[in-house]
Structure formats: C-alpha cells, structure tokens
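Residue numbers (the working numbering), protein chains in the order written: chain A, 14 to 146; chain B, -12 to 403.
No lab work stands behind these hints, which were simulated from the structure alone. Certain hints may be false.
Which bits of chain A does chain B cover? Going by a derived footprint, with three or more residues having C-beta under 8 angstroms, they are [what the hints assert, rightly or not]:
1) 54 to 65
2) 69 to 82
3) 136 to 142
Keeping only pairs whose Cα atoms sit at most 30 angstroms apart, straight-line, the calculated DSS-like set for lysine-lysine is [stated by the list, open to error]:
4) Lys339/B / Lys192/B
5) Lys130/A / Lys90/A
6) Lys146/A / Lys240/B
7) Lys47/B / Lys192/B
8) Lys146/A / Lys372/B
9) Lys337/B / Lys90/A
10) Lys192/B / Lys49/A
11) Lys90/A / Lys373/B
12) Lys123/B / Lys240/B
13) Lys192/B / Lys123/B
Which bits of chain B does chain A cover? Going by a derived footprint, with three or more residues having C-beta under 8 angstroms, they are [as the list claims (entries may be wrong)]:
14) 45 to 57
15) 224 to 230
Computed from a predicted model, the values in this text were never measured in an experiment. Ideal Cβ positions, reconstructed from N, Cα and C, are used throughout, including at glycine.
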Amino acid sequence: MIRKLWIILVVFAVAAVAAVAAVAEDAPRVSKEELKGMLDNPDVVILDVRRGKDWDASEFKITGARRIDPDQFESWKDQLPKEKTIVLYCALKGEGTSASLAQELIAAGYTKVYALKGGWREWSRTQYPLEAK
Amino acid sequence: MGFVVSLAAGLGVIFSAETLILLGNGVGQGGIWFLAFLVAGAVLHLFGAFTLFANFPDPKGETRLLQEGLGNRAALILPFSSRLSFAVIMATGSVVTAGFVFNEVFAYWFPNFLFAYLLLGLILAVNLLGRAVWGKFQVLVMLTALLGLIVLIVPGFALTSPPISTDYQPAPFSSLLRTALVALLLPIGYDLTVFANGESTSNHKKSPAAAVLLGSLFLLLWGVVSLHWIAPSTLAQTTIPYTVTARTIMGQKGRIIVGIVILAGTAGAVNALFGGVSRMTAAMASAGLLPSFFGDNRCKGRLTPVFLTAATSAMLFAGMAGSSHLDAFLRGSLILWLFHYAALHFAHFKAKRGDCRPRSRCSHLSVSALLALAALGLLLTDGEKKIVAAFLIVIVGSVVILAAWSTGVIRTRRQG
C-alpha cells in the first residue's frame, strides 16, 4: 500500500514538474546580451516580476525596469502598451514566473513578449547595468 | 561571561533583518507615534522580563510554569508552535536576505543561494560543536551587529541630513492601531536569554530585561535616525529600509556597514533560535513532555539543530524564499510567539493561586489579556489575514498531532 502511494506521489510530482516546464518552455526568450542592447530603446518595456524575498531582499533592479506584482496579473495585464516589446524577468531557475506570465500576456493579445533567459541571477552576476530599487 | 552570552542570545532576533524591516516600515507608517508605541511595548515586555523570565532558575522553568498553570498539553503545544515555527520560517527568510546582501554588497559573482546554504551549514556546525562554541559565536556576531549599528547611528545624528520631503500624513486610526500592535512585536525573542546558560541559576536573572532595554534602545535610536534622513513614504514602502537609510547617511561605506550588520544579525538570530529551541526541546524531554531522544543525554542535544537545519533547507529547496506568502507566515509565527507570552502570564496567574499578593496576580492576568488581544488584533488587521489564519491553523494542528504522537511514544516506552 505504502509502495503504491509512493509511486502515485512520484508520478504526480514528475507530471507537475513537466507541466510547469512545458508552459515555461513555450514562452519566447531573450538573452541578457540582447536585452542589454535594448536598454535605451523607448519601445522596450522591462518588467521585474520577482517574487517574495527574491524581490524584497534585493537592493537593485535592471536599469529602467518597472516593478509589477506578479500575483496581481489581472490588475495590470491590460495596462501595458501593446505596440511595444515587453521583457519580463524573475529570479527562478528556468524563468518559471516570467515565462508563464509572458505566456499569459501573449494569450491576452500582446505579440512581442519575452522572458529574460537566465533571469535576474544571470544579469546581476554579469554585472550588467543595475539601478537602486 | 554567562550574562554576556545570555544577553547576546536575547538580542539575536531583535537585531535581525526582519525586525529592522518591521521597524523601518512602522516608522514610515506611524512616524513619531510608532516610536512612542515602541517604548510602550518595551515597558510591557519589561514586565514579563522582570516578573516571569527573571524567575526561571533554568531552561526548564518555563515548562514547569506552563505545566503547573495550564497542563502538559499546553506546555508542549504553546512553546513548540511559536518558537519552532518562527525558527524555521525566520531562518528561511533571513539566510536568503543574507545571501542577497552578500551577493550585492560584497561579492557579486558569488551565488546568493549558495551563501544562504553555507551560512545555514555554519550555524549548524556551531550548534553541534557544543555550548561554549555556540556562546562565543553568538557574542561575536552580536557584538559585530551592535558596533555596526553604532557606527551608523553616530553619523546619523552628527551629520546634517539633506532636506527630506515632509510628506507624512497623519495615519487614520485603524492603521495607527496596526502600527501600535506591530511595535509590540519588535522586542520579541528576548526570552531566548533563558535558554542560553544551561543549568546556571544566576547568570540570566537580569539578562531578559537587559535584552529588552538594550534592544529597544538601539531600535529607538535607529528609528529616529531613519525618520531624520528618509521620507516617511519611502520608509513605509521600501523592502530594505536599513539599506536605504545607511546608503543615504554614508553612501557606499554605509552599504558595507549595514551589510555587515545584516550578516551578523542574521547569524545571531538564527544561531540564538536554533540553540534556544534545542535547549527548549531538551527541557521538555526532561519534563516528560517529549521522548527522551530530544534531551541532552541522548544525541547530546544534536537532534533539534539538525531537524531545524533540515526543515529550513527543505523550505529553501522548495522555493519558499521566492514565495509571496513567506512574510505572511513570518507574521503568523510572531503572532504565535506573542500569544505564547500571553499564555505564560496566564499560567503564572493560575499557578500562583495561593499567592498572598493579589495585585501581582491581577497584573499578570491584565498583561495576559492585553497580549492575547494584541495577538488577535494583529491577525484581524493583517492585509493577508486569511493566509495568516490558515498558517496558524496548520501549525497549531501539526503541533497538536505531534503532542498526541509524543504522548503515545512516551507511554509505550514507560510500559515497555
């Protein structure tokens, strides 16, 4: 009985991870080098969607980025300029939050939406431009 | 040395990043009122420090009082649900904060998560190396945090601040009530002094009160400096009020000094909690509330720090650091700790029925009611009260199950 429960639990966990990965994989990505080249472009909107301590404890954000609460998606999903390029970044490995939000924005009618590959960690480790929150 | 170790243990949580965030945001929201509430809260906690914790001759004193006043189940459920949940949740949040500070202030190339795990490993090692090492480490890190704060506070008063926008609006009564209740949370953790000195009978008599006084004094000074240099609206909204204030006062040097304060404060808070909770479980085991393997004789008290480290690592691994709910859980565990103080005063009231000083018993009953109401008020005025309430139900429910299991194990062993 216990063995069966373990098998069900493992299958469930693998399926859940695979489902999250599949959703995240579908969202288009932009590399940190590409984003660095877009920093001064007025047609690019960068959104910081880090969650919890990943946002709270950090002193910085990417230069020019706007902070939005990833848990309040419904409140801001229609307020972004649809003609502009939107880049989201988070702190999760595999861009979990930013990629899934990018997918939701695409579903809401936005066309040029990307998640930053490697997210906040890759950007800050390379010492690309940052500004105080 | 015993008094210093005990005092350092009591200051651990008070000088942590989490408390400094509560202070900064509270000062931003309540202005000078918040500082007045902080003083009032310190006076209330001083009553507990003098009349309860100063009278516990050893770490078992609290367990004995709860057993006498409220029975065995309450003696297990109350301290366990408050301190244990707080230790794991605070350790999770604090080591992540420390990781960010180390990464952003000292070594940008060093992964913040790796630093968080290394710090946790260091604290586990300190806890496993015995009480002498634990005590020396605690004194070292708290002294560092205290000196760092002094280095920031002195220029905070001495230098001329740039003109700040006076955008402070008097807060409505409901939010002023919330800030008053939050101020009551700041000295929490002073009672860890009791668990710092093993079976010593005299070292920690004055240390609980000293921890409340010294901790509150430094928080008050830092609050005044913050309010002097930073606009209240900024303080109220920022998630890193300590860095914002230090950076404004001393620039890059201020960032480095406050970085040291946060790293030392985090190490001190987590070390004090792990050591305190370990001795608390050992005291419960020797009082027959927990199986004997939690005690000092078996496993030499190593089980609890290993469990706390494993639980914190599991929280980190599960991505709790990136969860929006972690702060709500932290507030929930602080509410439990405040309620634990209320229960201790009530236990004292019930246990001392034969006390010939009715005024003393009435004071304990009044303070107990005040603290319990404050805990309830904190829950009801919380912006995420449903999440906090769900957290409280899960934690207390889990501890009730643990209590039932523990009773079963102890009974089986006795019969065996």
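These are the hints, each one checked on the structure:
1. 54 to 65: holds (count 3)
2. 69 to 82: It holds, with 5 qualifying residues against the three required.
3. 136 to 142: holds (count 3)
4. Lys339/B / Lys192/B: Between Lys339/B and Lys192/B the Cα gap is close to 20 angstroms, so the pair holds against 30 angstroms.
5. Lys130/A / Lys90/A: Holds - the C-alpha atoms of Lys90/A and Lys130/A are around 21 angstroms apart, at most 30 angstroms.
6. Lys146/A / Lys240/B: At roughly 18 angstroms apart (the allowed maximum being 30 angstroms), Lys240/B and Lys146/A satisfy the hint.
7. Lys47/B / Lys192/B: 14 angstroms, holds
8. Lys146/A / Lys372/B: 28 angstroms, holds
9. Lys337/B / Lys90/A: Not OK: Lys337/B and Lys90/A at ~57 angstroms, beyond 30 angstroms, violated.
10. Lys192/B / Lys49/A: Measuring from Cα to Cα gives roughly 60 angstroms; hence the hint is violated.
11. Lys90/A / Lys373/B: Distance ~25 angstroms between Lys90/A and Lys373/B Cα, so the pair holds.
12. Lys123/B / Lys240/B: 28 angstroms, holds
13. Lys192/B / Lys123/B: Within the cut-off at roughly 20 angstroms; holds.
14. 45 to 57: That given contact is violated, which follows from only 0 residues of the stretch 45 to 57 of chain B lying within Cβ reach (below 8 angstroms) of chain A.
15. 224 to 230: holds (count 4)
Consistency note: the structure conflicts with the earlier hints numbered 9, 10 and 14.
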